[in-house]
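Chains as they are written, first to last, in the numbering used here: chain A, 662 to 981; chain B, 4 to 324.
Please keep in mind that the hints were generated in silico from the structure rather than gathered at the bench.
Think about it this way: if two alpha-carbon atoms lie no more than 27 Å apart in a straight line, the pair counts; the simulated BS3-like pairs of lysine-lysine are:
| # | chain 1 | residue 1 | chain 2 | residue 2 |
| --- | --- | --- | --- | --- |
| 1 | B | 233 | B | 152 |
| 2 | B | 176 | B | 226 |
| 3 | B | 176 | A | 810 |
| 4 | A | 879 | A | 891 |
| 5 | A | 810 | B | 152 |
| 6 | A | 810 | B | 103 |
Example chain A residues on the side facing chain B (calculated, C-beta under 10 Å, incomplete):
| # | residue |
| --- | --- |
| 7 | 783 |
| 8 | 798 |
| 9 | 800 |
| 10 | 823 |
| 11 | 930 |
Part of the chain A face toward chain B, derived, beta carbon under 7 Å:
| # | residue |
| --- | --- |
| 12 | 769 |
| 13 | 808 |
| 14 | 829 |
Just so you know, these numbers come straight off a predicted model, no measurement behind them. Glycine included, each C-beta is placed from N, C-alpha and C at the ideal position.
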Amino acid sequence: MSKPVLLVTRRLPENVEARASRDYDARLNLADTPTTPAGILAASVGADAILCCTSDRLDAATVSALPASVRVISTFSVGTDHIDLAAAKARGIPVCNTPDVLTEATAELSMLLILAAARRAGEGERIVRADAWTGWAPTQLMGRQVSGKRLGIFGMGRIGQALARMARGFNMQVNYRNRSRLSPELEQGAVYHDNDASFLAVCDVLALNAPGGAATMKWLNAERIAMLPKGAVVTNAARGTLVDDEALIAALRSGQVSFAGLDVFAGEPAIHPGYRELENAVLLPHLGSATIETRDAMGHLALDGVDAVLAGRLPGNLVV
Amino acid sequence: MKPRLVVARQMPPSVGARIREEFDAPFPDGMDIDAETALAQLEETKAEALMFTSNIKMTPEFVARLPARLKIAATCSVGYDHVNVAACKERGLIVTNTPKVLDECTADLGFLLMLGAARRAKEYGAIMQDGWRRGFGMGEMLGVRVWGKTLGILGMGGIGRAFAARARGFGMKVLYCNRSRLPAELEQGATYFASLDEMLPHCDFLTIHAPSTPETKKIINAKALALLPKGAILVNSARGALVDEEALIEALTSGHLAAAGLDVFDNEPAYDLRFRDIPSAYIFPHMGSATHETRRAMGYCCLDNIQAVLAGKPPLNPLWS
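Working from the sequences, and respecting the hints, build out all of it.
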């Protein structure tokens, strides 16, 4: 019996592609060419399953037009914004994703952003790179201490909770803002705030770890920034849409926010040009989950979903 | 009358303010001066105390020329590889340093180096400098996870233990190598290795927190690096002299080490520029203790030692006792 056909829309980690090729008649995208809806439709003719990424656009029209052979869509991501779930449901095509496996890598990146911003990593690096280092001095590149400070986590899901655990190793006092209060065993001593004012007032460091979408659109705006203690450090490892860029850039200029560490941006990769001129902003190109371990785990989980659906089982990572 | 003090290095404003209040110093905010200028100022001001850093090398020759009235020299650093202890001892000069107050910030920075090295912060930073004009494949430019890995700590003093506390928050298994085993309450579950060679093969990450001494010179050499597993990551926020830089460059370029995070170098500030051109070398200009909080605490620690000695009391942080 021939193997089922699996369309893999983008390049995936080596181990994942190897498994896909072992278990399926895999159509790989070895050149990693970006896809178009038309391209996906053409490539999925005769395919039993599609393994896609956030860069693919599977809107209602595309999903409705998928060949009848397609029995499952599995996305190499937690987010499913790029797939029209209602259309998939209407077609009776199950959609799987990769929850949970990004937690530690993204929380680690949050901690990296906090440390890099507060300790002026970008400026330090630029000095050594330019061979402009004049030697150790007691007043050189003084940043802000991270350990022992008050950390505010906006969005206390799995990633926020992992960040809280890491921050406790730095002796930080953890405060959080969330739709609802966590149980004491998940809270681990973190202080819940049911309003922005009391939360923001204690954020020596503010870490954004909430999902994007309409509910959090430009949550960090000028009004909320003004509620932070003067000189607070702000980091965002969640979604660029959480931040009002104009307001944050103004605050970084005025010193209301002393340092920022950002891994995500509205409109990325075309980020707000104002960030580039700021010495006190550490910028990274959305690498929250970019570790070998995490990307392998994501790929394996996405393939588990395909395996299950094609074998007639209920996948553990089913979205619809 | 306020006691007289010479400050041989520029100090943060908070430290300058306290000097102005408590001491008679020609330059309360400090000046970056060389050994000759320091000697001249000590002579001229008849100061009994000197506040300095590694900018002044306390060689036997320099110590011999110090005015007899100088009672204490306080270095605004925890390291004192710039001080010839034997010569100071013989001269009867009290020398103090600033231990403990920089443990937390130095451990923070060490951890930043570890995370940044693991997550390829230098390469990604360069991509941002170039304007981030492209996306990355899901299998491209991947770093390694820190969470749950095994960490080896060489030198389990205050900074090493602070690093260990942070590592536990990342679910890391902590190993350490030290001259002697720590009591259980300081060990906090870390596994002791008397032999560095025996610890190294287990280390996904190795971080150095030992002092620079003749015994630790180039302790991380080609042989030690070869004992680390392939893909390991080295972090050095202690002193450059502990690492054989030729061997490290070789290990990074061959790919035996996945990355290194370095805050210190054998020759500072004229560090080996080859590190600049190695994408996997995440490097900083010796800023382990560079926070407003810690630099103020270091400055105050020097002043507390000076006040104690000038009041006829024993120093709080003598280099020897």
